[in-house]
Amino acid sequence: MSEPSDPLADPTGAALVELLGMVAFGELLAFDRMAADARLAPDLHRRAVLSEMAAAEIVNYRRLAARLAELGIEPAEAMAPYVTALQGYHDSTEPKDWLEALTKAYVGDGIADDFFREVAAFLTERDRQLVLDVLHDSHYADFACHEIRAAIAADPKVANRLSMWARRLVGEGLSQAQRVAGERIALTLLIVEGTGDQSGVQALFRRLTAAHTARMTTVGLNN
9 MSEPSDPLAD PTGAALVELL GMVAFGELLA FDRMAADARL APDLHRRAVL
59 SEMAAAEIVN YRRLAARLAE LGIEPAEAMA PYVTALQGYH DSTEPKDWLE
109 ALTKAYVGDG IADDFFREVA AFLTERDRQL VLDVLHDSHY ADFACHEIRA
159 AIAADPKVAN RLSMWARRLV GEGLSQAQRV AGERIALTLL IVEGTGDQSG
209 VQALFRRLTA AHTARMTTVG LNN
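Using this note's numbering, you'd call the opening residue of the sequence shown number 9 and step up by one each time.
In case anyone wonders, no lab produced these hints; they're calculated from the structure.
Be aware that a few hints might be false.
FRET-style restraints, in silico, Cβ to Cβ [said to hold, decoys possible]:
id	residue 1	residue 2	range
1	Gly190	Pro164	36 to 42 Å
2	Ser183	Ala63	28 to 34 Å
3	Glu82	Ala185	21 to 27 Å
4	Ala158	Thr20	41 to 47 Å
Since this is a predicted model, take the numbers as computed values, not measurements.
Cβ atoms here follow ideal geometry from the backbone N, Cα and C, with glycine treated the same way.
Can you build the whole structure from these sequences, using the hints too?
So this is what it looks like as structure tokens:
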């Protein structure tokens, strides 16, 4: 099936552009964040690991930007609606140390990836695969999980501090997500239509909550 000359004229096309714009800006911010967080690493090995992951985020961003350009949309135009919300989230959750940086990546990126994975199911095969391909590599989550668990094993009091930090991350993330949902109507309609009805939307968010709870338990933090 050929793509419309103006994807924004079609509700599904508009939702695709909104989703790709959000994911693309998320990748761009992830690069900035990981590059900065790498300087918090306690040694050169860990700094190198995070720097390599930051480099991968730019590769992902370029793939998304290329797809938007193919659709006739300027990447900057597609990303612009998300700058305030996503930048606000990151500015209000600036980590103070290495463990807070890893927890932010583990918790925040994990929830975002779960959400994008759910929404990708409503796209055509090509775009679904693109979104799935650019989600954060599981090695990153495994690395963060190992680091956090090791820190808790060395000092159990760390678990309480990081659990409180994780709850703050989730609260800030939900606040900004509600803001985006109220502004990006096409994307919201895609989710409602894709899940079938309001009960389907509620079921989607229950899955996201369950995945988050399991992730917190795995790493040794309280939900």
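The hints, checked one at a time:
Checked against the given bound of 36 to 42 Å, the beta carbons of Gly190 and Pro164, roughly 41 Å apart, stay inside it. For Ser183 paired with Ala63, a C-beta distance near 31 Å keeps the hint of 28 to 34 Å intact. Distance hint check: the CB atoms of Glu82 and Ala185 are about 25 Å apart, consistent with the given range 21 to 27 Å. Look at Ala158 against Thr20: about 45 Å separates their beta carbons, and that is inside 41 to 47 Å.
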